[in-house]
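J.: One line per chain: the protein sequences are A and B, in this order.
Under this note's numbering, the very last position in the first sequence is 296; numbers go up by exactly one each time.
Under this note's numbering, the very last position in the second sequence is 592; numbers go up by exactly one each time.
Calculated directly from the structure, the hints in this document are not laboratory data.
All C-beta atoms in this analysis are idealised placements derived from N, C-alpha and C, irrespective of residue type, glycine included.
Honestly, I wouldn't trust all of these hints.
What the hints assert, rightly or not - Not the full set, but computed from the structure, chain A residues with beta-carbon under 7 Å of chain B: (1) 76; (2) 172; (3) 197; (4) 254.
Number of protein chains: 2
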Amino acid sequence: MKRLGGIEAGGTKFVCAVGTGPDDLSAATFDTTTPWETLRGVIRFFHDSPVRAIGVGSFGPLDLAPESPTFGRITSTPKLEWQGCDLSGEISRALGVPVGIDTDVNAAALGEARWGAARDVSDFLYLTVGTGIGGGAVVGGRLVHGLVHPEMGHIRVPHDVDFDPFPGACPYHGDCLEGLASGTAIERRWGVPASRIESDHPAWELEAHYLALGLATWVCTLSPRRIVIGGGVMRHRRLFPLVRLELQRLLNGYVRNPALGPDIDRYVTPPGLGERSGVLGALVLAERACLGSGAR
Amino acid sequence: MKRLGGIEAGGTKFVCAVGTGPDDLSAATFDTTTPWETLRGVIRFFHDSPVRAIGVGSFGPLDLAPESPTFGRITSTPKLEWQGCDLSGEISRALGVPVGIDTDVNAAALGEARWGAARDVSDFLYLTVGTGIGGGAVVGGRLVHGLVHPEMGHIRVPHDVDFDPFPGACPYHGDCLEGLASGTAIERRWGVPASRIESDHPAWELEAHYLALGLATWVCTLSPRRIVIGGGVMRHRRLFPLVRLELQRLLNGYVRNPALGPDIDRYVTPPGLGERSGVLGALVLAERACLGSGAR
C-alpha cells in the first residue's frame with residue numbers, strides 16, 4: 001500500500017511530506033518562489049516518493065466552490081504571480097494521482113482534529129498567528145466552507161487610534177485583525193520583528209488585546225468547544241496567559257461555562273502537533289481525495 | 297394525527313401556535329410577565345389545543361449543553377426572575393408531551409430553512425435586529441451550537457467615539473454590536489424609538505455602518521451562502537440598501553463571489569416568513585422533539 005502525500009503550501013515555503021501520521025512522516029521544505037519553479041520541486045519530490053494521493057493545505061484565498069469552473073485556484077492573493085494558479089490540478093496532472101485541496105488553516109484544523117489538541121471535540125476553532133492571521137472552524141465535526149471559505153484574519157475589531165496610532169497593515173482593510181495583530185503588523189508598528197521583542201515590552205499586552213477581541217467575537221459567533229492557536233507569533237511565552245485573561249475580561253461573564261472560567265487554560269491552547277498541524281492535516285485531505293470526496 | 301405546537305418565547309411577548317406550517321397555523325400572543333403567570337397562559341392555550349409535541353424558540357442565554365444537569369434553562373438574562381427558568385421542563389411536565397427547545401434565533405433560522413428565504417442553501421446566517429441583536433447560523437445543514445450557543449449580538453466592532461460618542465447600551469459589554477446597533481441602542485442614542493426616526497436622519501447610515509461591520513465579520517468567519525435579516529429595526533425601508541452597500545465597501549473586493557457583487561440584493565435579504573420565522577421554526581423543533589432528537 002503506497003503512502004499518502006501532504007503539502008503545506010505557504011507564502012514563504014512549501015513543506016512536502018510522505019507518510020501516514022505523526023509517527024511516520026518524512027518531509028522536505030522548498031522556498032516559495034514562482035509557481036513554475038516551486039511546483040517543479042514539489043513534483044520531483046513526489047516523483048521520487050510515490051504516493052496514492054496528495055492533500056494540499058494552501059495559502060489563499062482559494063476558490064473552493066464545488067460548482068465553480070475555477071475550483072481549487074488561488075484567487076485574490078497579494079502574491080500576483082500566484083493569482084489563478086491551479087495548484088491541485090497541476091500536481092494531479094503531473095503525477096496522475098487524486099489531489100485534494102483546502103486552505104492551509106482548514107488543513108491544520110483537520111490535523112489537530114485527527115491527532116492533535118482537538119481530538120476530543122467536534123466543534124472547535126484553529127487559528128494561526130504568523131505573517132498573517134487565519135482560522136479554520138470545525139462545526140459538528142465538519143469544516144466550515146460555505147460560500148467560499150472563512151477569511152478569519154479579516155474580521156473588524158475595535159481600534160483605539162489614540163492609544164495605538166498604527167494604521168494597520170492589511171492592503172485590503174487597513175486595521176482589520178490581521179492588519180493590527182499579524183507578525184507583519186507587529187514588525188511594522190514597532191520596527192523590529194516579533195521574535196526580537198522583549199518580554200516586558202508593551203507590544204505583548206497590545207497583541208493579546210487584539211487577539212482576545214478576535215477570540216471574543218468567535219466565541220460569540222461559533223461557540224467553539226476549544227480554541228487551538230498556532231503560528232510563529234504565539235511562540236512568545238507570555239502571549240497565551242495574556243490572551244486568556246483578556247478574553248475573560250472582554251466576555252465579562254456573559255458566556256457561562258467552565259471552559260471560559262476555571263478551565264480556560266485548556267480552552268485556549270497551543271496545537272498538539274506543534275508546527276506540523278498543516279502538513280499532517282494535508283494527509284487527511286489526501287485520504288479524503290482517495291475516497292473521492294475531494295476537499296470536503 | 298394531532299398537530300404540532302410552537303412557542304416563540306420572547307422578552308416582551310410569547311407567541312403560541314398550533315399547526316403544521318405557514319398555511320396551517322393558528323396563534324395567540326401573551327405578554328411576558330412573571331414565569332409563573334406567563335407559563336400558566338401557555339399551558340392553558342395548549343390544554344385547549346392539544347398537540348403531539350411542542351417546540352420552544354426562547355430568549356436566553358440558554359443552557360443547551362446536552363450533558364448539563366440544567367439543560368434547557370435560561371441562564372444570564374438581565375430579566376432576573378427568568379434566570380434558571382426551566383421553560384421546556386415545566387411545559388413538558390404540565391402537558392405530558394415532548395418539548396424541544398433552542399434559542400429564538402436558532403428556531404427562526406430553522407423556519408427560514410424549511411419554508412423561508414434559506415430553503416435552497418445549507419450554509420446561512422439568520423440575524424434579527426430588534427430590541428436586541430441575535431443570530432443563528434446553519435453550517436452544512438445543521439445549526440451551530442458548540443459549547444453553549446452563539447451570542448452573535450455581542451461581537452465587538454470598531455466604534456469611533458469621536459464620531460459617535462454614545463457609549464453603548466449593553467450591560468455586559470457596553471459598545472458591542474448589540475450595544476451600538478440594537479433598537480434599544482438607537483432609542484437611547486437619539487432619544488426617540490427607531491420607528492419614529494425619519495428616513496433622512498443620520499441614524500440610518502450609522503446603523504447600516506454598524507450592522508455591516510457585523511456582517512463583514514460574519515462573512516469572514518462563517519462564509520454564509522445567504523444572510524437573512526429580520527427584526528423590527530430592519531423594517532425601515534432604507535436600511536437594507538444601505539447595509540448592502542456598506543458591506544461591499546467594507547469587504548473591499550477581498551471575498552470574490554457574485555453573491556457579494558451583483559447578487560448582493562439576494563445575498564442580504566429579509567426573511568421569507570416575515571415575523572413568523574420564529575414560531576414556524578418552533579414547529580420544526582417540535583417535530584424533532586417527536587423524533588427524540590431534542591433541541592438538535
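J.: Are the hints correct? Go through all of them and say.
T.: Okay, the hints, checked on the actual structure:
no.	hint	result
1	76	holds (6 Å)
2	172	holds (4 Å)
3	197	violated (25 Å)
4	254	holds (4 Å)
In summary, the structure is inconsistent with hint 3 from the numbered list given earlier, while agreeing with all the others.
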